[in-house]
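Peer 1: Chains as they are written, first to last, in this note's numbering: chain A, 1 to 373; chain B, 1 to 168; chain C, 1 to 367.
Calculated from the structure, these hints are not laboratory results. Ideal placement from N, C-alpha and C gives every residue a C-beta, glycine not left out. Watch out, some of these pointers could steer you wrong.
Claimed, not checked - Below are the EDC-like pairs computed for lysine to aspartate or glutamate, each with C-alpha atoms no more than 20 Å apart in a straight line:
1) Lys-202(C) x Asp-188(C)
2) Lys-12(B) x Glu-186(C)
3) Lys-50(C) x Asp-318(C)
4) Lys-155(A) x Asp-30(C)
5) Lys-19(B) x Glu-193(C)
What the hints assert, rightly or not - One-sided excerpt, in silico: chain A residues whose CB lies under 7 Å from chain C:
6) Lys-95
7) Ser-233
8) Ile-308
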Amino acid sequence: MQTSVTSFNPTFAFNTLPPDWPGNFWLHWLVFTIILIAFIIVSVIMFIWFERRLIGRFQIRLGPNRVGPFGLFQAIADVIKILTKEDIVPQKADKVVFWLAPLVALVPVLMVFAVVPLQSGAMLVDLNIGILYVVALSSIVSIGIFMAGWGSNNKYSIIGAMRDVAQLISYEIPLVLSIVGVVLLTGSLSLTEIVGAQNIPFILLQPIGFFVFFIGSLAEINRCPFDLVEAESEIIAGYNIEFSGSKFATFFLAEYSEAVLLSALTATLFLGGWSGPLLPPILWLLIKMFAVFAIIIWIRSTLPRFRIDQMMAFAWKFLLPLALINLLLTSLQIVFWPEASSWIIVLLSFAILVALILVWSKSFKPGGNKVGI
Amino acid sequence: MGFRRYGNGIAKGMALTFKHLFRKPITTQYPEERLNVSRRTRGTQIIWNRDTCIACSACARACPIGCIDMSTSRGEDKKLKVDNITIDFGLCIFCGLCVEACPVGNAIFLSYNWEYAEYQRSKLVLSNDELLYSNTKQVSGYYHPDVEKTLPEQTLLVNRTNRGKPWD
Amino acid sequence: MTLKTEPFVINLGPVHPSTHGVFRLRATLDGEVVMDIEPIIGYLHRGIEKIAEGRNYKQDIPLTDRLDYVASMSNNLPYVMAVEKLAEIAVPERAEYIRIIMAEMQRIASHLLAVGSLANDLGTFFTPFQYMFREREKIVDLFEMVCGQRLLYNYMRFGGVSHDIPDEFIPALCKLVSTMPGFIDEYDQLLAENEILLARLKGVGILPKELAINSSVSGPMLRASGVEWDIRKVDSYSVYDRFNFDIPTEVIGDCYDRYRVRIQEMRQSVRILEQAIEQLPPGEVLAKVSPRLKPPVGEAYAHIEAPKGELGFYLVSDNSEKPYRLHIRAPSLINLTALREMVIGWKLADAIVIFGSIDICLGEVDR
Ligand code: SF4
Ligand code: SF4
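Can you make the complete structure from the sequences, with help from the hints?
Peer 2: Given below as structure tokens:
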């Protein structure tokens, strides 16, 4: 496996790009970066709208429906409202950290999008270590969140921030291990090649991996049932309790772009990315992203949240062994039985998934008990 | 404690929320879509009738808040008449005890209207002619069974249907 | 190696999403573990007991609405019962039945709110809350039909109730009663077996039987600890002795048991409602009582099984138009006293849930 970074040259291989496209390298870079950020912001707005409408329907109400057709512009109205609000900085806050925190949370997410293939070749850089880059950068977000919690000098926010760090450390490991299964099957770290390798979507070949990855990504983006970081009934809003105005908006944007990112990654790694019949590739990717996000919303509308120790136990005692077993099984299959028909593997791996869940949930005890004081 | 089962409780819950996805919303789009309130609504105004009032001040005495301010005097014909009646709707709790206390039966009413808002508190204090019946105010059937019969039937959530079928 | 940690104090409230009102919990935390809590009450104190001494008996009825403002009907009832005891007023039979119908509907509505907001404290994003509010809304609709308001009903009077129920009421109630068990099943489907909910509630915040009795806790909380004590049975006031119903009890007394007891009590209330509709006699609903009621010198205590526990009113009369003294035994306040023992040693998130499972209403705590 080639892991050197010799091909770090950005390759702007937009299919639709005419060969005599004017401008030099940096102009291209600028144009496509702006296009990408616009794409992220538009999809964030669409995600917010989608989430609010869908959760409304789950709760037998309509959701926002006043601003624009079907309430489509509600998110825009909210943005205007948030941006025009007073930006309050607490007196006792650590000013530098407080100011930097939203940026540190947002920028890595935007940077990750550079390697996410929107369609064949439509990406800012086709890194051959794409997935490693994704994993490395997306965990920086937590530093931003911890900075926010620390910088705002508020007890609630520091609790939220501590929870976030604990959560990140626990869930990053099963998340990465579940990706390794996919990488083993593909034999490459490049996201384009991962998509290319999916004649059968990896969700079928790697159901355990998908299961672990999906739950891990829920924790990664602080979504229900792992939304302890901002648990509004316990620590009110967690790390962003002291933030207002544009800083809050930045956090909000960071959080939702992470959701967009994780949906896109799930679609890319396990659902076959942009590939699909008839429709244009970018549309396929969007459909898959929204489908993944719909499930996240569905979970959010149903489940209560874990307690902190239960969440940790769930990661270490349940997801991590599952991810390791998945890794072991995948490598065994690749080494000893490479010519196996995929459909047999699909059946086998689903059987193993069900068996594992049954066995593990019997013996698995989440969380500790009362602490003697 | 602990996970005694393997996620089937979660699956059941998810199935239920999924089922609700296909049920009709129970909310109403308020300013456009209005439900009929109860015929006995204790609306946010009190309507007073000068012609039938015998100025006995029973309503003012019955009020637990003391927000009816009434002064009466004897006119030339030795009959009591109301000189001044002022009700502070910022204080009134719309309990309806004044309506119940009135011996005449059709001198004081609660209103059927419930949308009443002002920008200033001082505007919530109404007196004399402002308390009279007008075409912006409708009389509620609270303690007035004859009025109650004329009002439209209340829309009840129990009677709402879900795509033609009653709510299951 | 033990790390040296320093406890720190945080204020949960007075403005906090899950204190269910203006209530302040001064919690000493060691990391996430609650080491000590100190409930601070009084933010909603309005001096209701004192105000009541300045008004006449009838004018105090609207005041009682404002105690437990999510269950007004059951607040009216013990007050008028106390006055009736004092002044020896007989209540027509139909009025007794209507009162019971109202009280039981109120119990369902209040428990729905309790369970819904408990689920909210657990972190479900408003979905059970919304479903339960749907049924509460149906009940509130019916209350609005009989007395014209949706929150503060002011419906009971000395010697009966203020109005007879309208003709549309009974069909609508029948419809409600017939669909209600189905909806309760749905809540069970959504919550009762959810693994995360079980992990969060089972074994959390145990209130042992002895402690429950000693701290004079009442209502669903007491029954969840395994004490079969329901004023409807032990002192069957009104006409409760004519109905068949069970008192649901649980064993351990943890948060999950409190949740179970509430759900089962709703089912029992539906049973009582069914029987009450069947037995509802015709006739008068309001006995003749002088508007300027002057009960003879004496004292009376009347209590009922309110949704939150034993709600009692103690009245002293000096033969004037106004009560000489009114004291309220508010279940929320007394149930709250057991909070500290239950919370210590649990995590912050549990503290919120335990607090939610007590189901208090600050209007009643602070009075
Ligand atoms: S409704 Fe009640 S508070 Fe209002 S004026 Fe009448 S008696 Fe007083
Ligand atoms: S009680 Fe009736 S009749 Fe007497 S003053 Fe009031 S409105 Fe007039």
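Peer 1: All the hints need checking, so say for each whether the structure fits it.
Peer 2: Going through the hints against the structure:
The suggested pairing of Lys-202(C) with Asp-188(C) holds, with an alpha-carbon distance near 15 Å, which does not exceed 20 Å. Distance restraint check for Lys-12(B) and Glu-186(C): the Cα-Cα separation of roughly 10 Å lies within the 20 Å cut-off, and the hinted pair is therefore satisfied. Taking the CA atoms of Lys-50(C) and Asp-318(C), the gap is about 16 Å. The hint holds against a cut of 20 Å. Between Lys-155(A) and Asp-30(C) the CA atoms are separated by roughly 12 Å; this keeps the pair inside 20 Å, and the hint holds.
For the suggested pair Lys-19(B) and Glu-193(C), the alpha carbons sit about 17 Å apart, so the restraint of at most 20 Å is met. Because the beta carbon of Lys-95(A) sits about 23 Å from the nearest beta carbon in chain C, more than 7 Å, this interface hint is broken. At a threshold of 7 Å, the smallest CB-CB gap from Ser-233(A) to chain C is about 4 Å, leaving the interface hint in force. Among the interface hints, the one on Ile-308(A) holds; its C-beta lies about 6 Å from the nearest C-beta in chain C, closer than the 7 Å criterion.
Hint violations for this structure: number 6 only, all remaining hints satisfied.
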